Amino acid sequence: MKRLFIPLAAACLSAAALAAPATAAPSWATDNLEPKPADAYGAAYFWLDSNGAALRKATQYNLDVKKVSKLVSGGSNGAPDGKPGMTGPTTTAKATVSKNVNLPKTIGKVFFLDKSGNYRWCSATSIQSRNRNLVATAGHCVFANGKDDVYDKWIFVPGYYQGKAPWGVYVGAYAFTAYDLDTYDDYDGDFAFVAVHNGFGLAGEKQVSKADYDKWLGDKWAKDAEITPAEYVKCVALHGGETSDCWAKLSTITDVVGPDYTGGKKRAFKEVSKEEYDKAPTGNGNGAQEPAKGVIDQVTQSEYNAYKGPGYKKIDAAGNYTITHYFLGYWVKEASKTLFYKTVFTVGIAKDLGRLGDVVGGQGVAWNQPLGQQVTAFGYPSAPHPDGDRPFSGVTPKWCSGKTATKSYQVNTFKVETHQLLKCSMTPGADGGPWLMKYDNNKRTGYVNGVTSLFHDNDGNGRVDYISSSIFDGEVADVYNKANYAETKKIVGPNGELLQ
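When you number the sequence shown by my numbering, it's gap-free, plus one each residue, and the end is 664.
Keep in mind that the hints were calculated from the coordinates and are not lab data. Only a predicted model underlies this, so the values are computations on that prediction, with no experimental measurement involved. Fair warning: there could be bad hints in the mix.
[Stated by the list, open to error] Label pairs and their calculated CB-CB ranges:
id, residue 1, residue 2, range
1, S565, G249, 21 to 29 Å
2, K438, G249, 54 to 62 Å
3, K515, S373, 16 to 24 Å
4, Y649, K387, 45 to 53 Å
5, E390, Q664, 34 to 42 Å
6, P658, T510, 18 to 26 Å
7, E390, D442, 48 to 56 Å
8, E439, G657, 33 to 41 Å
9, Y649, E440, 48 to 56 Å
10, D376, D480, 14 to 22 Å
[As the list claims (entries may be wrong)] Below, simulated SDA-like cross-link-like pairs (lysine to any residue); rule was C-alpha separation at most 20 Å, straight line:
id, residue 1, residue 2
11, K374, G660
12, K438, N448
13, K430, C399
14, K387, Y468
15, K443, E467
16, K478, E440
17, K434, T507
18, K567, D629
19, K374, S237
20, K434, A499
21, K515, A308
22, K200, K515
23, K515, W380
24, K429, A394
25, K515, N659
For every residue, glycine included, the Cβ atom is placed at its ideal position computed from N, Cα and C.
Required output: the full structure, derived from the provided sequences and hints.
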């Protein structure tokens with residue numbers, strides 16, 4: 165893999181820089197995705213909310229080019245830059261015997277928000293690592309045009325199918341790629357290894373008290389249900405007085421009395437805007453702030469956009485859509501016309517599904533292998549061919565099998581000098597999918613020796629006929645070795661609570 169350097173005027177260089185050898189530049193780069201459990205929780209919930217609505221909304225990521233890139237023979241045999249090596253796969257799938265190609269359990273889709281806020285996906289696979297937590301995909305499916313920038317809300321969903329995550333959602337914590345891709349947008353290094361947190365799944369909900377609701381750090385929501393006066397009396401008796409669980413709401417502000425009124429009074433509430441609430445007095449008087457009644461609702465994006473009430477709308481740091489309700493309290497006569505409510509406080513329970521490699525296994529990784537290898541490439545192609553024909557839906561994974569070219573190829577559009585080539589008609593959406601060398605169809609395992617990077621129409625007939633990948637050499641092994649030591653965490657505890 166080549167190394168690019170930007171020339172600088174000698175007068176701008178220090179003596180130490182002049183003395184440093186050209187090889188001092190690193191071969192790898194890393195960036196944070198969502199290393200904190202709270203942020204990871206928010207990212208996972210963003211995609212899983214409303215039965216996976218965001219997952220179904222996503223479309224395949226397309227590189228920002230008008231035409232399919234052209235191939236130029238590089239004439240190189242892709243000579244290894246070190247000793248060949250590989251790390252073996254692990255599997256949780258049962259061995260089967262079949263004449264057809266069996267799909268690996270490890271492959272799936274990565275989802276993320278691009279820099280325009282669009283919901284996007286690429287293909288990827290779980291790979292072997294010491295912490296059972298690594299995903300391999302294309303670098304352009306993680307890093308936004310290089311320059312030390314990564315996409316938001318990045319997750320991996322193995323076995324993804326039509327909004328479903330059968331083995332859970334795995335949120336990216338740390339991303340590793342080639343220094344040249346991250347710094348110079350050089351697609352010779354268009355690959356990435358992402359360390360992901362433990363799997364995350366939704367496991368139902370339960371009703372809790374206001375106190376437990378306030379302490380809950382995960383998903384939660386509160387709904388007000390109107391009750392009868394008789395139900396209100398029972399609720400007050402059960403709780404020893406008016407509480408946040410049962411309360412009276414003013415339909416109009418009438419019959420207001422002072423707190424010392426002895427003719428029979430009750431406390432009633434009126435919802436106001438945050439601005440009105442901030443201006444109101446504290447204490448137990450009329451029109452005073454009622455902090456015990458403040459409720460933060462987490463809502464869907466559509467509910468957030470449609471809401472027109474006085475509540476304060478905010479997207480929190482984790483990307484959740486929230487509406488905070490503020491109330492002022494008034495003393496009114498006992499006979500005043502009010503509506504009675506019981507607030508139902510609900511928390512969403514999440515489930516820890518374990519480490520990625522323990523759940524679906526991981527493909528092996530190989531480097532410094534000679535070109536001309538027999539490989540099977542997997543991915544979720546979706547985009548149309550250059551001529552507009554769209555044979556793939558992106559719903560289910562597809563595959564190509566054959567020997568890679570014995571010479572490397574250049575792609576000038578993307579600064580590529582040495583890519584390996586495979587004859588294949590898969591279209592974008594398959595980018596990031598693994599090229600598995602020595603694929604065992606019965607065990608569904610092999611060795612990742614490339615990931616789909618670019619798509620080519622070599623004969624000019626308006627159809628993709630080749631795909632290309634970075635050559636997995638010693639520099640790829642160096643990046644993989646760095647990613648191999650990344651440690652990640654559980655997002656939720658045994659009771660579904662968000663961990664710190």
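Please name the hints from earlier in the document that this structure breaks, with their numbers sorted from lowest to highest. Those not satisfied are hints 7, 15, 19, 21.
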